[in-house]
Amino acid sequence: MLAAGDPDAHRPTLRRRRGLPAVSPREEFQRGVRDIVEPSFGISAWALVTGVAMIKTGLSVPLAVFMSLAVYAGSAQLAALPLIAAGAPLWVIWATAFCMNLRFVIFSAHWRKYFGHFPRAKRLALTYFAADLNYVLFLRRFPEPGPSPARLPYFLGSVFWSWLSWQLPALLGIALADRIPTEWDLGFAGVLALLGLAYSTLSGRNSWIAALVAAAAAVAAFHLPLKLNIVVAIAAGVAVGVLLDRLWPTTAEPRR
Amino acid sequence: MSGWQTFVAVAGLTVITVVTRGFFLLSEREWPLPPWVARGLRYAPLAALAAIVAPEVLLTDGALAGDWKDPRLFAVAAGTAYFWWRRGILGTIVVGTGVMLALKLGVGW
Chain A
1 MLAAGDPDAH RPTLRRRRGL PAVSPREEFQ RGVRDIVEPS FGISAWALVT
51 GVAMIKTGLS VPLAVFMSLA VYAGSAQLAA LPLIAAGAPL WVIWATAFCM
101 NLRFVIFSAH WRKYFGHFPR AKRLALTYFA ADLNYVLFLR RFPEPGPSPA
151 RLPYFLGSVF WSWLSWQLPA LLGIALADRI PTEWDLGFAG VLALLGLAYS
201 TLSGRNSWIA ALVAAAAAVA AFHLPLKLNI VVAIAAGVAV GVLLDRLWPT
251 TAEPRR
Chain B
1001 MSGWQTFVAV AGLTVITVVT RGFFLLSERE WPLPPWVARG LRYAPLAALA
1051 AIVAPEVLLT DGALAGDWKD PRLFAVAAGT AYFWWRRGIL GTIVVGTGVM
1101 LALKLGVGW
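These protein sequence lines are chains A and B, in that order. The first sequence begins at 1 in the numbering used here and counts up one residue at a time. The second sequence begins at 1001 in the numbering used here and counts up one residue at a time.
Simulated from the structure, these hints should not be mistaken for laboratory data. Only a predicted model underlies this, so the values are computations on that prediction, with no experimental measurement involved. Heads up, a few of these hints could be off.
Which bits of chain A does chain B cover? Going by a derived footprint, with three or more residues having C-beta under 8 angstroms, they are [to be verified]:
(1) 47-53
(2) 84-98
(3) 102-110
(4) 114-122
(5) 191-203
Calculated Cβ distances over 12 angstroms to all of chain A for the following chain B residues [claimed, not checked]:
(6) D1067
(7) W1068
(8) K1069
We put the beta carbon where it would ideally sit given N, CA and C, even for glycine.
Chain B on its own, in the form it takes in the complex:
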C-alpha cells in the first residue's frame, strides 16, 4: 500500500473512532436500542478478536503449520496459562513474548 493510500486508510480509521465512540450521541434524538440488537452486538468484538488472532497463530503462508517447533504456539500457550492464572493482559503479553524470544534467540527455532 502506498503512503497516500495508507494516509487515506488511517484518516478513515479516525472517522471510525469518532463515529463508533459517539454513535448514539450523533443524533439529537435518543434512539432506543432493541435488547436483542445489543445482545448480538456484544459478540462482535469477541468474534473479531478471535478471527484476527486465530490465523496469525495457526497459519504459516496460508497453511496450517505442520511443525510443532513453532515459537508462536508456545508463546500462545504460555500467555494463555498466565492469563487464566492472573487475568492480566499485560502479563499475557510479557510472558508470551518472553517465551517466544527465548525460543527464537535462546533455542534458535
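Pulled out of the complex, with its shape left as it was, chain A reads as follows:
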C-alpha cells in the first residue's frame, strides 16, 4: 500500500529499487480524481451558469442538452450563445468559438508529446475531454514529457471527474433555468465568468494592453455587420500583443 504523500510516488523505478511496488493504474486514476476535486467546485458553478445561460438565450431544452454534452467547452459556449441569439452568421459563430478555443490548440502541441504515440482516434478521443484544469494539473503531475504507464490512468481520473463536475450542474442549470425569472438577468453571470477568466489570463503589462486594445476595438467597431467587431478586436489584440513582445519585451507572458 502506498504511504500517503509519498514524494516518490511518481517515480516507479526509484520505488522498485527501494522494494516498493510500482504505482498501480487504479492509484493513478484515484490521484487524478483527487487532484481535481477542489478546483472542480469552481467549474461546477460555472457549468450551472452556462446551463441557465443556454436556456435564457433562447435555446430549446433538447438543443441545450445537446450543446452541453457535445460541445463541452464552457467559454466557447458562453461566447457563442449571444451570437446564436442575435442570429449571427454561422461562420462568425464558429470563428468566435475557434478563437475562444485557440488556447487548446497550444495545449494540443503539448499533449502531442504525451499522447502522440497513440492511434489517431484514441489521441483525439483523449484530448476532446482535456479541459483547462486537466491540462494544468496534468503538467504539474508530469512535467517531463514522454510516454509512461502512469499517465493515462491519471489523465482518465482527471477528465472523468471534470466531465461529471461540468455536465451534472450544466444539466441542473438547464432544468432550473425556467424557475429563474428573466428580469434577474442571470445571463450576466456568464459575462462575469468570462471576465474572471480574462483576469486570470492577464499576466504582464503587454497582455493588459492587448486586452484593453481588444476591448476598445470591440466597442468602437460594434456597428460593423455580422458581429465582425469580435473578429476585428481579436486581430487588433493579437497584433498589438505580438508587436509589443517585439518592441517592448517582458518576461511575463499571458497565462495559458
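Given chain A, put chain B in place with the hints provided.
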C-alpha cells in the same frame, strides 16, 4: 435563428472542440510550432474574452450607456474587486451577480 440552424451551429461547435483540443494530434507527423506563432496565439483567447465582455458591459442597444445607475457596471466593479483580492473566478461570478441582483431586486434599478 431556427431550431435547425441552431442544431447546425452546435454541431459545428462540437467539431471545433474536437479539432482545437486535438489540433496538433490530427496529423501523424509532428509539426514544430514556430515560437513567434505560439506567442501570438497566446494573446488570442484573452483578446476574444475582452472583445466579448466589453460590449456586453458597456453598451445598451449599441450605444454607450449614459446612465451611471446601471447594475452591470456595479456588478463588474464588485466582481473585479473580488477577483484582484482573492483571484477566484467563482467568487467573481457570485459577488458580481449578487451585487447585480441586489441593485435590480433590492434597489429597483
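Status of the hints after comparison with the structure:
1. 47-53: violated (count 1)
2. 84-98: With 9 residues closer than 8 angstroms to chain B, the segment 84-98 of chain A meets the three-residue bar; holds.
3. 102-110: holds (count 8)
4. 114-122: The restraint on the segment 114-122 of chain A holds, since 3 of its residues have a Cβ under 8 angstroms from chain B and three suffice.
5. 191-203: holds (count 12)
6. D1067: holds (15 angstroms)
7. W1068: The claim holds: W1068 of chain B sits with its nearest Cβ about 17 angstroms from chain A, beyond 12 angstroms.
8. K1069: About 15 angstroms separates K1069 of chain B from the closest Cβ of chain A, which puts it past 12 angstroms; holds.
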